[in-house]
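S.K.: Chains as they are written, first to last, in the UniProt record's numbering: chain A, 1 to 168; chain B, 1 to 168.
Just to be clear, a hint being listed does not mean it is correct.
[Said to hold, decoys possible] Which chain A residues face chain B? A few, computed with CB under 8 Å, are given here: (1) A137; (2) Q141; (3) L161; (4) R164.
[As the list claims (entries may be wrong)] Selected chain B positions facing chain A (Cβ under 8 Å, derived; list incomplete): (5) I31; (6) A124; (7) D127; (8) L128; (9) A130; (10) E133; (11) P138; (12) Q141; (13) A157; (14) V162; (15) R164; (16) T168.
Please keep in mind that the hints were generated in silico from the structure rather than gathered at the bench. As the structure is a prediction and not an experimental result, all values here were calculated from the model. All C-beta atoms, glycine included, are put in the ideal place defined by N, C-alpha and C.
2 protein chains.
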Amino acid sequence: MAALELVEALGYSRLTIEAVAARAGVGKQTIYRWWPSKGPLLFDAFVEFGPVGTDELPSGVLAVDLARELRAAVEELAERRFDQVCRLLVHEERTDLVTLLLMPRRMALEERLRAAQRLGEVRADVDLSAAVELLLAPVHQRWFLRTAPLTGEFADALVDLVLRALRT
Amino acid sequence: MAALELVEALGYSRLTIEAVAARAGVGKQTIYRWWPSKGPLLFDAFVEFGPVGTDELPSGVLAVDLARELRAAVEELAERRFDQVCRLLVHEERTDLVTLLLMPRRMALEERLRAAQRLGEVRADVDLSAAVELLLAPVHQRWFLRTAPLTGEFADALVDLVLRALRT
């Protein structure tokens, strides 16, 4: 947690193991016993304390639930500490970024769509993993390439468009 | 052109200005007169010789034209020389990547959708730039994060889904 607070305050390049140890109230050696350098340390902190989806229970209304998930994704990426760590992981082409951070959100969305498909709200022939990419990829692209502002309104507009594509 | 052929053969890290000069049949100094290093040289070569969309005339059928554009994008990213140069530019966070390479394809798609909107094939209230992101972002994400195979079939499936979202 100390590492995430510090990367938010200092940025990655100025983050040091010494500062993390001081902030956490432990000796430097305690940190080095577990992590060889700041990269892996930060990654583990991020996986442990980074949010993966909303804790709210499904509302039962598909459009509401999808918009909540997408707005949560937008808010996460807007937080400086997540923005910094995620960019770093993308640049390092860390496959665990995809496995650990992207997959939980993808699976949550896919599960919600599958439930809707069982209820006949989503066409039976829709490839749900493609549907999830349709929802998440435009958010990630705006964030990563900074092509346009990443807002809650954009998340809502995406859900609206994609639902039209999926509905029976 | 020599630079693009060499980056395809050697990969970026083993590309040298000397090798480009030899391949182009000019002296090293001729290259250095215009480009300080291999990064900017490669970028200019890429912009000059890289494809930006299909040369084919619109078929008049919206689904056919969109699928052609998307399949062209998929094919480009699959070519080793473009894959290498694009990844490099993404990692350098070169904003000219977005301006010069992404924008022409985005604009071609947006123009095609605008024509369809005028003909009443696309709903009048659709935000066309969001529609373009819906088409391109899943392609870019599969390419960049290597989350799933990037195929022509995926391009077709995307067009099919997105058209359902846009149609009147």
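S.K.: Could you run down the list of hints and mark each one as holding or not?
M.R.: Okay, the hints, checked on the actual structure:
1. A137: 4 Å, holds
2. Q141: OK, holds: A:Q141 within 8 Å of chain B, min 4 Å.
3. L161: With a closest approach of 5 Å, the A:L161 hint holds.
4. R164: 4 Å, holds
5. I31: Not OK, violated: B:I31 not within 8 Å of chain A, min 28 Å.
6. A124: 14 Å, violated
7. D127: 6 Å, holds
8. L128: 11 Å, violated
9. A130: 6 Å, holds
10. E133: With Cβ-Cβ at 4 Å, under 8 Å, it holds.
11. P138: Given a least distance of 4 Å, the restraint on B:P138 holds.
12. Q141: 4 Å, holds
13. A157: 6 Å, holds
14. V162: 6 Å, holds
15. R164: Holds, about 4 Å.
16. T168: Constraint on B:T168 not satisfied, violated at 11 Å.
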